Structure formats: structure tokens, C-alpha cells
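Asker: Sequence:
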Amino acid sequence: MQKKIFFLFFIAIALGSTLIFLSRKTTDPTENRAIYHNAFFSADDRLSPLQNPLDRKTINFGVSISKTGRFSVEGKNVIQGYMFWQEHVNKAGGIKIGARSYRVNIKSYDDKSNIETLKKNITKLIKEDKVDFILGPFSSDFNFAASQITEKNGIIMIASGGVSDSIFTKNQHFTFATQTSASWWFKEFFNLMSQVRPAPKTYALIMPDKLFTRSAAKGVRIWAASQKIQEVYYQIIDKQTDNFTPYLHEMASKQPDIIILTSHYQDAVNFSKQLSKIKQLKPKAVVMTIGPSETNYVQDVGDDSEGMIGIAQWAPQKSFKGPVFGTSRDYMKAFKDEYGRQPSQQNATSSACGVIFQLALEKCTALNSKELINNIRNMDVEIFYGRIKYNSRGMNIGHQMALVQIQQGKMKTIWPPQASESTINYPLHSKY
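Residue numbers for the sequence shown follow the UniProt record's numbering, so the first one is 1 and each next one is one higher.
Think of the hints as simulated: they come from the structure by calculation, not from any bench. Please read these numbers as outputs of a predicted model, since none were measured by experiment. Heads up, some of the hints might be wrong.
Here are the simulated DSBU-like pairs of lysine-lysine, each with C-alpha atoms no more than 30 Å apart in a straight line [unchecked claim]:
| id | residue 1 | residue 2 |
| --- | --- | --- |
| 1 | K130 | K67 |
| 2 | K119 | K130 |
| 3 | K152 | K124 |
| 4 | K363 | K130 |
| 5 | K67 | K57 |
| 6 | K210 | K282 |
| 7 | K76 | K124 |
| 8 | K152 | K107 |
| 9 | K120 | K67 |
| 10 | K152 | K201 |
| 11 | K321 | K370 |
| 12 | K218 | K273 |
| 13 | K130 | K91 |
| 14 | K321 | K333 |
| 15 | K273 | K254 |
| 16 | K410 | K273 |
| 17 | K96 | K333 |
| 18 | K152 | K57 |
| 19 | K152 | K210 |
| 20 | K210 | K187 |
| 21 | K318 | K336 |
| 22 | K187 | K228 |
| 23 | K370 | K91 |
| 24 | K228 | K412 |
| 25 | K410 | K277 |
| 26 | K273 | K239 |
| 27 | K124 | K96 |
| 28 | K363 | K318 |
| 29 | K321 | K412 |
| 30 | K119 | K152 |
| 31 | K107 | K333 |
| 32 | K76 | K389 |
| 33 | K218 | K187 |
| 34 | K370 | K119 |
| 35 | K57 | K91 |
| 36 | K412 | K318 |
| 37 | K127 | K152 |
| 38 | K120 | K187 |
| 39 | K239 | K284 |
| 40 | K67 | K201 |
Based on the sequences and whatever the hints tell you, model everything.
Answerer: Written out as C-alpha cells, the structure reads:
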């Protein structure tokens with residue numbers, strides 16, 4: 001019986017790994033041509049034509065963003081990154097298409113972290129404000145909801161704050177990612193865990209029930225199995241939960257080597273404060289998706305932030321460079337000069353989203369949505385944020401994640417090795 005259960009578990013892991021791999025798999029040139037000339041041919045006829053392309057001076061972008069409510073920290077970072085890109089481009093003379101230059105204009109509304117308000121905002125931006133393109137909101141649930149409206153109306157949207165695999169597996173044609181897809185977020189973390197000693201043998205996973213966190217948790221289980229790290233605790237909790245203490249008490253009897261939270265920012269803040277009070281838990285490592293990688297985390301959590309690991313889409317120490325902002329460090333300096341602080345990963349990601357639109361537009365011979373979308377699909381470029389390259393479903397398959405850890409009250413990049421400021425503080429026994 002035990003052998004049968006083990007065999008079925010192995011088959012499930014193998015199937016999951018295959019599906020994740022196929023979600024990222026790039027096709028050969030012949031297959032790409034077939035996809036673009038067949039699957040996208042009729043869909044592209046639904047693209048909304050741009051109004052008065054020869055008689056205008058601006059390109060109009062719209063965004064619904066969580067300036068207030070549960071996602072306000074992330075939302076404010078996202079809109080700030082968009083506006084920083086807008087200011088940078090306009091100071092440089094605008095987006096140049098052929099012999100013409102166009103200023104960037106971004107129209108935004110607060111969705112108050114409410115998905116129904118988001119839907120109304122996106123509809124208003126398209127129907128009343130007549131924007132040309134949509135910049136994605138924050139969170140996978142919100143990006144998925146927005147994409148249902150943009151796809152129906154033939155509007156191109158690039159998501160800066162949505163990474164769930166399911167956004168890009170619902171027969172979407174005009175929706176593209178900026179970040180690495182959620183199921184791949186933990187790949188680099190488990191690569192790092194394969195190198196530390198003593199090697200971790202077990203992990204516990206807590207997942208608020210959201211689109212992004214479900215996709216990220218799916219990846220955790222696949223990548224952990226690939227390193228033969230055993231799951232000893234798994235809990236799906238209500239997405240509105242702010243009390244993690246009961247689950248941490250349950251977990252304590254399992255004594256996991258690694259504790260993992262797939263989370264948004266406020267989840268991570270609450271979780272970190274509550275974890276420090278459970279003295280029975282002595283993990284070797286604690287890692288979260290969104291939390292320790294945010295610039296406000298240490299201030300909001302305090303001393304309990306020490307040693308926490310975060311997964312980041314971007315690290316300024318990386319040696320990426322490209323058009324518009326120059327290198328990663330150039331972007332960081334320009335942002336700091338403007339706002340007096342280092343950029344968060346959401347700042348960088350949303351600025352990168354704007355750069356993707358800009359580079360694809362500047363390859364057009366004229367302001368034309370069909371030419372633009374083909375330029376996005378065929379893009380393979382390095383910018384300050386990293387590599388941008390799409391598969392046939394609009395996922396960014398060129399980007400690599402980074403890991404950060406709070407050390408002596410400061411966020412330090414610990415992975416990948418070529419961009420690291422420090423080595424991992426491991427194990428964490430001395431902290432608890």
C-alpha cells in the first residue's frame with residue numbers, strides 16, 4: 001500500500017513539473033510562425049484601432065490601482081513606478097515612432113483594493129476615457145479581472161503586478177507579463193537550499209487562498225520535491241485572514257526546517273510578527289513571496305524582520321542594462337534622486353512595464369496596434385530590469401528571480417551569486 005501511495009505521489013509530481021515546464025517552454029521558430037499566423041490571425045482583427053494616429057501628440061495609458069485598502073502599499077509603489085517612467089520619457093522628448101514623437105499620458109483611478117471597483121474603472125478607462133492601452137493593476141486576481149475586460153474590447157494590457165499562471169492560460173491574446181510567472185518564483189530559493197549545510201529536509205507551507213498565492217504554492221511543491229525536501233505541513237487559509245497564530249501552533253509539532261508563506265505584503269507583516277512569538281518553532285529558514293523584499297518591511301515589522309528571506313523580481317545589484325533607463329544601478333540612482341529612497345521591486349517592475357510598451361512602440365513604423373502587438377510578441381531584449389522574452393501565451397520566460405534577506409536591519413541580496421551583497425544567514429536557530 002505504501003509503495004502504491006509513493007508511486008502515485010511521484011507520478012503527480014512528475015506531471016506537475018511537466019506542466020510548469022510546458023507553461024514556460026518556448027517553441028521553435030517554425031512553431032512560432034504557425035502560432036502567430038493562425039492562432040492570433042483572427043484575434044488580431046479584434047484589436048481596437050487607435051484613434052487619430054496622425055492627428056495627436058500623446059499616447060494615452062490607463063490604470064486602475066489600489067491607492068487605498070488592503071493592497072495600498074503595493075498599489076502606491078506600482079503607480080509611482082508608472083509615473084516615474086512617464087516623467088522620464090517625457091523629459092527625454094517622448095516616445096519616438098517614425099518621424100513623430102508622442103508624450104505619455106497616464107490616467108489612473110483608485111480601485112480601493114476592491115475587485116468590483118477595478119472592473120468599473122477599467123471599463124470607464126476604455127469606454128469613456130478612450131485610453132489606447134492598459135497598464136496592469138496590482139495582484140493576480142485584479143489583473144485577471146482586468147484582462148477579461150481588455151481582451152473583450154481588443155485592448156493591449158501588460159501586467160506589472162500579476163503573475164499567476166492562470167492569467168495567461170485562459171485563451172488570452174492581448175495580455176502580457178512583466179514578471180516571472182508565479183509557479184517559477186521558488187525555483188531559485190530551492191537552488192540555494194541545495195547548497196546550504198546542514199541541508200534542510202522538511203518544509204511547512206501556508207497559503208492564503210488567492211490566485212497568485214495558489215500558483216506560487218504549486219511551484220513550491222514542485223521545486224521542493226525536485227530537491228527531495230519533504231512537506232510536513234500544508235494549510236490553505238482564508239484570504240482575509242490576519243491571524244496566523246493558530247496555524248503556527250499546529251505547525252510547531254512538525255518542527256519544519258523551512259517555513260514558507262506565499263503572501264501579499266500585509267500577510268507577510270502580520271505573519272512575521274506572529275511567528276516570532278511561537279518559541280517552539282526553530283526553523284533553519286523562513287521565506288515569503290512579497291514582504292521582506294519590500295522597502296517598508298523592516299520599518300513595519302521591526303526586530304522580528306531579522307533573518308526573513310524574500311523573493312524579489314529585481315535586484316539593483318544585477319548587471320542588467322538597456323535602453324531608456326540604462327543599467328539597474330542607473331535606474332536606482334535616478335529613482336532615489338527623484339524620491340529620496342531606493343526603489344522597491346514594484347517600482348522597478350511597473351517602470352519596466354512602461355519600458356516594454358515604449359520599446360515595442362518605437363519599433364513601429366507608425367502608431368498602429370497590430371504592428372505594436374507583433375513587436376511585443378517577438379520581443380527579446382535586456383533592459384535595466386532584466387531580460388524580456390515572451391512565449392506564445394504572453395508569459396515572460398526570459399526573466400530570473402533574486403532572493404533577499406534582512407540582515408542587521410537591512411535588506412541584502414543573497415542570490416543569485418553574481419548579484420549578491422551578502423551570503424545567506426543560515427541556519428536561523430540563534431534567532432529563536
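Asker: K410 and K273 were given as a pair; does the straight-line alpha-carbon distance stay at or below 30 Å?
Answerer: holds (17 Å)
Asker: Decide if the proposed pair is consistent with the structure: K370 and K91, CA atoms, cutoff 30 Å inclusive.
Answerer: Between K370 and K91 the Cα gap is close to 27 Å, so the pair holds against 30 Å.
Asker: Take the C-alpha atoms of K152 and K57, compute the straight-line distance between them, and say whether it is at most 30 Å.
Answerer: Cα-Cα ~27 Å, so holds.
Asker: Holds or violated: are the alpha carbons of K321 and K333 at most 30 Å from each other?
Answerer: holds (14 Å)
Asker: Do the alpha carbons of K119 and K130 lie within 30 Å of each other, as the hint requires?
Answerer: holds (15 Å)
Asker: Need the status of pair K152, K210: alpha-carbon distance at most 30 Å?
Answerer: The hint holds at about 24 Å.
Asker: Going straight from one Cα to the other, do K152 and K107 come out at no more than 30 Å?
Answerer: Holds, at roughly 20 Å.
Asker: Would the pair K363 and K130 pass a check requiring their Cα atoms to be no farther apart than 30 Å?
Answerer: Distance of about 23 Å is within 30 Å: holds.
Asker: Between K130 and K67, does the CA-CA distance stay at or below 30 Å?
Answerer: holds (22 Å)
Asker: Are the Cα atoms of K107 and K333 separated by 30 Å or less?
Answerer: Status holds; Cα separation ~26 Å.
Asker: Hint check: K210 vs K282, CA-CA at most 30 Å. Holds or violated?
Answerer: Satisfied, since the Cα-Cα distance of roughly 28 Å is no more than 30 Å.
Asker: Between K228 and K412, does the CA-CA distance stay at or below 30 Å?
Answerer: Holds. K228 to K412 sits at ~28 Å (cutoff 30 Å).
Consistency with the previously given hints fails for numbers 10, 38 and 40, ordered from lowest to highest.
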